[in-house]
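*Asks:* Sequence:
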Amino acid sequence: MLEEFRTRAAFVGRLAEIDALLWAQTDRGGPAVRAAMADHLSALGIRRLETPANADAFVVTEGVGEAFELLNPADVDDLTGKVILAGQLRRIAADAAQNHTGEEA
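Its first residue numbered 1, the sequence shown is counted upward by one per residue in the working numbering.
Keep in mind the hints are simulated off the structure, nothing from the lab. Each hint should be verified, as a subset may be incorrect.
As the list claims (entries may be wrong) - Pair ranges (Cβ atoms, derived):
id, residue 1, residue 2, range
1, Val64, Met1, 44 to 54 Å
2, Val59, Thr26, 19 to 29 Å
3, Glu66, Ala32, 33 to 43 Å
4, Ala10, Ala94, 33 to 43 Å
5, Gln25, Leu2, 32 to 42 Å
6, Gly65, Met1, 40 to 50 Å
7, Thr80, Asp27, 26 to 36 Å
Every residue, glycine too, gets a C-beta built ideally from N, C-alpha and C.
With the hints as constraints, model all of the structure from the sequences given.
*Replies:* Given below as structure tokens:
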């Protein structure tokens with residue numbers, strides 16, 4: 001049973017890395033790939049966090065200000081509650097947040 005958890009952890013980790021690579025693309029892989037990836041993540045119980053409401057799932061990489069811009073989403077395993085892949089945020093001025101997430105972590 002322990003080996004099954006290790007195998008699952010390795011697989012969801014790889015899937016989260018692929019999702020992060022797609023996220024970094026201008027078109028995020030296109031509509032078909034985005035939909036397929038969302039289905040795969042959901043089926044495996046992986047939640048993609050696209051807002052900094054859960055601050056412990058993100059790393060603040062740079063910037064100044066009270067608001068945050070999402071650079072990369074975080075992936076969380078709903079089965080274990082653990083962060084699979086930490087997201088990245090950039091601090092921005094609160095007035096610039098209207099075009100970004102605008103939430104405080």
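*Asks:* Each hint should be assessed against the structure and marked as holding or not.
*Replies:* Going down the list of hints, with the structure as the test:
{"no.": "1", "hint": "Val64 with Met1: 44 to 54 Å", "in the structure": "holds, 48 Å"}
{"no.": "2", "hint": "Val59 with Thr26: 19 to 29 Å", "in the structure": "holds, 23 Å"}
{"no.": "3", "hint": "Glu66 with Ala32: 33 to 43 Å", "in the structure": "holds, 38 Å"}
{"no.": "4", "hint": "Ala10 with Ala94: 33 to 43 Å", "in the structure": "holds, 40 Å"}
{"no.": "5", "hint": "Gln25 with Leu2: 32 to 42 Å", "in the structure": "holds, 36 Å"}
{"no.": "6", "hint": "Gly65 with Met1: 40 to 50 Å", "in the structure": "holds, 47 Å"}
{"no.": "7", "hint": "Thr80 with Asp27: 26 to 36 Å", "in the structure": "holds, 32 Å"}
Violated hints for the displayed structure: none, as all numbered hints are satisfied.
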